[in-house]
Every structure is written in structure tokens, then in C-alpha cells.
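A.B. asks: Sequence:
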Amino acid sequence: MLGQCDDLGGGVFKKRLGKNLYRSILLAKGRQFWVYEYLFAKQDMANIKDDELAGFRRLAGSYAALTARDIDLLIQEQDWFEICN
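Residues in the sequence shown are numbered from 8 upward in steps of one, following my numbering.
These aren't lab readings, by the way, just hints derived from the structure by calculation. Careful, some of the hints might be misleading.
[What the hints assert, rightly or not] In silico PhoX-like pairs for lysine-lysine, Cα to Cα no more than 20 angstroms straight-line: (1) Lys22 - Lys56; (2) Lys49 - Lys22; (3) Lys49 - Lys21.
Generate coordinates for the entire structure from the input sequences, incorporating the hints supplied.
C.D. replies: Here's what the structure looks like:
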């Protein structure tokens, strides 16, 4: 949120990584947590397609409905893992 990512709307953000060689698509839940959902090399693809962005926005909407208990369960079952807290 310090100018190191682009807000693509609907809870979807694009963040540059690795000296601007890679991109990640992050999904946010009310700025409470961030999910690295998709990673790609800039040399392979400049941007995601419009239909992919629409899908990420739908997924971000689903994540917004998750409760703290849901998230704890996702982490506990190792479907998600926490990078830092």
C-alpha cells in the first residue's frame, strides 16, 4: 500500500516483485489480510486478461465473506499458509 502495487479494483491488486521481473496478483479482504493468488514473470505476460481480472474480482468477493474462523481453518488444513502475522 506504499505505492508498490496497482489497485485493479474489486479487491484485486497487482504487485511488482523481484526488481520488477515478476508480478503477483493479490486479493484483499478489507485491508485486513492479503492473499497472494497468482504469480507470473513479466517476460511471459505483461498483464492479466480482462476475463481473468473479472474472475479474480469474483474470488476477492468470496474472500470478503470469510470469517476469522474460516481463515483459521484454511490455514490449519494447509489450504492457505501464513507468510507473516
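A.B. asks: Hey, Lys22 versus Lys56, does the alpha-carbon distance stay inside 20 angstroms?
C.D. replies: Roughly 16 angstroms between the alpha carbons, so the hint for Lys22 and Lys56 holds.
A.B. asks: Sort out whether Lys22 lies within 20 angstroms of Lys49, counting only the CA atoms.
C.D. replies: Holds: Lys49 and Lys22 sit about 11 angstroms apart, inside 20 angstroms.
A.B. asks: With a cut-off of 20 angstroms on the C-alpha distance, tell me whether Lys49 and Lys21 pass.
C.D. replies: holds (12 angstroms)
The structure shown violates none of the earlier numbered hints.
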